[in-house]
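Based on these hints, arrange chain B with the ligands on the given structure of chain A.
Next come the chains, spelled out residue by residue.
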Amino acid sequence: MDILISSLVAGLLIGSVFALVALGLTIIFGVMDIVNFAHGEFLMIGMYTGILTVQVTGLDPLFSLPVALAVGFALGLLCYVGFVKYLLRGPMVAQLLGTFGLMLFLRNLVLLIFGSEDRGIHTGILVGKSLDLGMGVIIPATKLAAAVLSVLSFVAVYVFIHKTKLGKALQATALNRQAARYMGIPAERMNALAWGIGGATVTAAGALLVNFWSASPYVGLLFTMIAFAIVALGGFGSIPGAFFAALVVGLITEIPGIWDFFTYTFDNDWMADVPMNSFKYTGVYLTYFIIMVVRPRGLFGWKL
Amino acid sequence: MAKELLRVEEITVRYSGLPVVQGVSLSVAAGETVCVVGANGAGKSTILRAVMGAQPAIRGRILFRGEEIHKLPTEEIVRRGVVYVPEERMLFLPISVEENLLLGAYIHKDRRRVARNLEKTYDIFPKLRERRQQAVSTLSGGEQQMVAIGRALMSEPKVLMLDEPSLGLAPKLVDEVLDTVRRLKNEGVTILLVEQNVREALDLADRAYVIQSGRVVLEGTGADLLENPEVKSAYLGF
Ligand SMILES: Nc1ncnc2c1ncn2[C@@H]1O[C@H](COP(=O)(O)OP(=O)(O)OP(=O)(O)O)[C@@H](O)[C@H]1O
Ligand SMILES: [Mg+2]
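Same order as they appear, the protein sequences are chains A and B.
For what it's worth, the UniProt record's numbering labels the leading residue of the first sequence as 1, then goes sequentially.
For what it's worth, the UniProt record's numbering labels the leading residue of the second sequence as 1, then goes sequentially.
The shape of chain A in the complex, shown without the other chains (with noise of 0.2 Å):
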């Protein structure tokens, strides 16, 4: 039983950052229709502003948060005013291929500066630290102030497209772009606060994950195949699909423990000869497939 619900809070916990990597994502292309291939590198570098930001100012990695949301904000917006800017104006082939290219540039540029070792961070005052919550149930620290952290970034960025009258300029765009433009809203900026948020948001995740996953220039890809998922799950451009969709994502990630569980319960030789753990990922791929297969549009059809 421990197994199962220590599964069960870890996959919940673990979705909970996977929501704020993916808001971005949704954000950018509810706004705008572009899907960015180069979103998992903006978590990645957060990764690394995280670690630097530790071994500067020797403070803990939780601490780093603002300054991965600085950062990833001012990356979105230089990435949407120096380049992706001049994308929309090709034909939509460019603008796939373009973020494609953004993804090696960023990944390429990260690898010159800190080589392509892993590397983590192991001083955090959280480390090693958890909450046992009975019942076998233990909680790593780490994990759950990343959850917390994560969860209320994701609540802010909420309620400010709701309720703030930026906000909703954006998510008028994001309904219907020609509309705001003739409500007197500056579409162009518009493109760049999306970028800005995106990349604040999914930057600071990166921040958050550090603290219990290695950072290395590689890890970016699967984080944009996570979101790719959890987008396609909770709907394209949609914010509260993203959340549960994140949430079950988590879940579907953490199947290799509650197969351990019910390996366990049944005491099934067959089953603990599945080599689970090495198919972590593939049930969100899986499911983004199922999905793209029988529902395009995602769960939800709300925007933003």
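There may be inaccurate statements among the hints.
Cβ-Cβ distance ranges computed for the label pairs, FRET-style [to be verified]:
hint: 1; chain 1: A; residue 1: F262; chain 2: B; residue 2: P94; range: 39 to 47 Å
hint: 2; chain 1: A; residue 1: K280; chain 2: B; residue 2: K127; range: 52 to 60 Å
hint: 3; chain 1: B; residue 1: T138; chain 2: A; residue 2: L97; range: 35 to 43 Å
It should be emphasised that the hints constitute simulated quantities derived from the structure, not laboratory data.
Note that the structure is predicted; figures quoted are calculated from it, not measured.
Cβ coordinates follow ideal geometry from the N, Cα and C atoms, glycine included.
Positioned in the frame of chain A, the structure of chain B with the ligands alone reads:
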């Protein structure tokens, strides 16, 4: 004559190489209601889209209060006071009536002014007050048209451009919408109206232009055009 607000000078607009508006000129003076009539596909909406900077004029000039606006982005044209209610209405369907109206006032920073405009809009369209919290997608066609016009009024337009506001409405609602336009006119709103209900439109208009295949073929006061034999045979059915 009253001060000229909007002036379209010899504009040509193309869609993928094909000219759909060719050398059209028209003008709207402050306080005037000017109507543009013409058959389907004549190019009426295209003229309005060109004024809004949504479809560039490849030749000619567009002036607002004497200043060229045809090179400005749409949002800047809106800021100056030219506001457009498109034929397709282009409402923000999933969000509420009130949120739609408030987005119409995006260019205004002063909250009290926006609140005042909102009250005024609800006074003009009491039905919208009742349905303020309802998603626009759940409203009837007539109510949606009220939201579209109300949203445009929220920005205090100096020129209000209405593109076939009666399109797709039941006859009773057509009258209602045209009555609203008349009311706005009487309140002194400057209006550029495109309409298929030629008789009512010409009756309402101070001046009017008849467009055929992308060109102005007739212009005059609404009353004159109502009496014009060509207009009578082509648009009024006798
Ligand atoms: N986006 C577009 N791309 C290509 N051609 C277009 C486009 N929009 C309009 N046209 C063409 O331009 C011409 C003029 O269209 P426009 O919408 O201005 O006519 P209209 O007078 O408003 O007609 P209606 O009364 O049907 O609204 C039409 O022949 C139409 O097919
Ligand atoms: Mg039209």
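Taking the hints in turn, this is what the structure says about them:
1. Checked against the hint of 39 to 47 Å, the pair F262(A) and P94(B) passes, with Cβ atoms roughly 42 Å apart.
2. Remark: the range hint 52 to 60 Å for K280(A) to K127(B) is upheld by a beta-carbon distance near 56 Å.
3. T138(B) and L97(A) have their C-beta atoms about 41 Å apart, which keeps the hinted 35 to 43 Å range intact.
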